[in-house]
Amino acid sequence: MELRATALWMSGSEPEGQEFAILLERAIAGDVSAFEQIIARYERRVISVAWRLLGRPEDAEDAAQEVFLRAFRYLHRFDRRRRFEPWLIKMTVNVCHDLGRKRRQHPESAGDPDAVCGSGSPHEDLHSEEQKRLLYKALQELPEKERAAIVLRDIEGLSTAEVAGILSSSEATVRSQISTARLKIRKALERRRL
Amino acid sequence: MKCSYSESDVALYVEGDAPTARIREIAAHLANCPACSDLEAALRESQSLLKSLRQEAVSPATLSAVRSRVLAEIEGIRFRWAWGRWAYAVAGAVFVAIAGVGIALQMQKAEPPVQLIVQTDTAVAADEAPSERSDVPPSSGVSAGNTTPSGPPVQQPRRVRKPKSNAVNPDVDVREPVKPLVVKLLTDDPDVVIYWLVDQKDGGTL
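Line by line, the protein sequences give chains A and B. Residue numbers for the first sequence follow our numbering, so the first one is 1 and each next one is one higher. Residue numbers for the second sequence follow our numbering, so the first one is 1001 and each next one is one higher.
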């Protein structure tokens, strides 16, 4: 079920049908339980994006909290003809941008082990953790715009057009940013293996 | 051999982000260019590692903690909104009450109570309308200012008009006739008596 939801998210075609529209109306009217359902629907996505942008799970939790509070505050401004998810991700990127400016970055912190669910053998997990640590470090070394572009395009699986919309850039700019970021990530991984 | 394709072209190619025509050209080139082919292989590997982060799931405890914090914060916001509305309502009512009292007081000051001021000059009124006196019985035959010879004279108190200013009219002497003051001084000798007459009118000694 979760895999299916992830696949829908990756394809960028998750339906936000009539049911969600009703939920949204209730939340805009001040129904906290309706807003709680919206949080439950998008919290995993928001936290993971924030985590990859900020590099630290505790910062990601703070960012996610701020994102949902902002969403609750500005829910009435949401254009209901558009999809809700890109609006929320754009808010996440903005919140992470604000938090990143406020806080000193900690690239060596690959994350809280308790916050991640491992799935393989201990040896595989150890190897995987090392790779993740290298990847997070490489991501944190990227300029902010390039990091946002590659996280949204390659990790979150959004299309170039969606990324361009979220980052308020042109598709050509996004393509340039993700190609540069991919090359930098590759070089960073190769450098650390030597 | 100099390659006509940049690394960026290959980086876009590996994820299908290049235009379709460009993708075909690069695919044909990779078959003949070992350097670009190596780059492509390295990029595919790093992209595979990058995409592995998708598998990384946020723990339910983290999700629950974030949700609880958000909902608690929202409840706090709603409470502050509700309390704020009441506070504004009470403050507004107090302001209206104070403003009302202030306006009422201001209106009272603007309209002072009407005072009927009547200036009467009793002396002048008595001179101008002597016949209106009611304290003299008609049978006595005495009217104010006139004395009939038939009846005994009635001693009327002489009315003295109070001068309106300090100026003295020498033609009108309204004072009582002043008797000379006699001061009798007795000495040790009984045959010697000294009388001192003082003219009060002129203030001198006679």
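Because the hints were derived from the structure by calculation, they are not lab data. Hints are supplied without guarantee of correctness; some may be wrong.
As the list claims (entries may be wrong) - Here are some chain B residues the structure puts well away from chain A; computed CB gaps all over 12 Å: (1) 1050; (2) 1084; (3) 1099.
Said to hold, decoys possible - From the structure, some residues in chain A lie toward chain B, with a derived Cβ separation under 8 Å: (4) 31; (5) 32; (6) 36; (7) 69; (8) 180.
Said to hold, decoys possible - No farther apart than 25 Å at their CA atoms in a straight line, the calculated lysine-lysine pairs in the DSS-like style are these: (9) B/1051 / A/184; (10) A/137 / B/1179; (11) B/1051 / A/145.
Even for Gly, the Cβ is constructed at its ideal location relative to N, Cα and C.
Next item in the hint list is residue 31 of chain A. Is there a CB on chain B closer than 8 Å to its CB? Hint on residue 31 of chain A: violated, closest Cβ of chain B at ~11 Å, above 8 Å.
Test the statement that residue 1050 of chain B is away from the interface with chain A: the closest C-beta pair must be farther apart than 12 Å. Not fine: 5 Å to the nearest Cβ puts residue 1050 of chain B too close to chain A.
Can we trust that residue 1099 of chain B is non-interface, i.e. its beta-carbon lies farther than 12 Å from all of chain A? 33 Å, holds
Does residue 32 of chain A pass the interface check with chain B, least Cβ-Cβ distance below 8 Å? 6 Å, holds
Interface hint compliance - residue 36 of chain A to chain B, C-beta minimum distance less than 8 Å: Nearest chain B Cβ about 6 Å off; hint holds.
Are the Cα positions of residue 137 of chain A and residue 1179 of chain B separated by 25 Å at most? With Cα atoms ~133 Å apart, residue 137 of chain A and residue 1179 of chain B exceed 25 Å; violated.
Sort out whether residue 145 of chain A lies within 25 Å of residue 1051 of chain B, counting only the CA atoms. 19 Å, holds
Claimed clearance of chain A by residue 1084 of chain B, with the beta carbon kept past 12 Å: Answer for residue 1084 of chain B: holds, closest chain A Cβ roughly 15 Å.
Straight-line alpha-carbon gap residue 1051 of chain B to residue 184 of chain A, limit 25 Å: 15 Å, holds
Interface hint compliance - residue 180 of chain A to chain B, C-beta minimum distance less than 8 Å: 7 Å, holds
Using Cβ atoms only, decide whether residue 69 of chain A comes closer than 8 Å to chain B, and label the hint accordingly. It holds, given that the least Cβ distance between residue 69 of chain A and chain B is near 6 Å, below 8 Å.
In terms of the numbered hints stated before, the structure departs from hints 1, 4 and 10, listed from lowest to highest.
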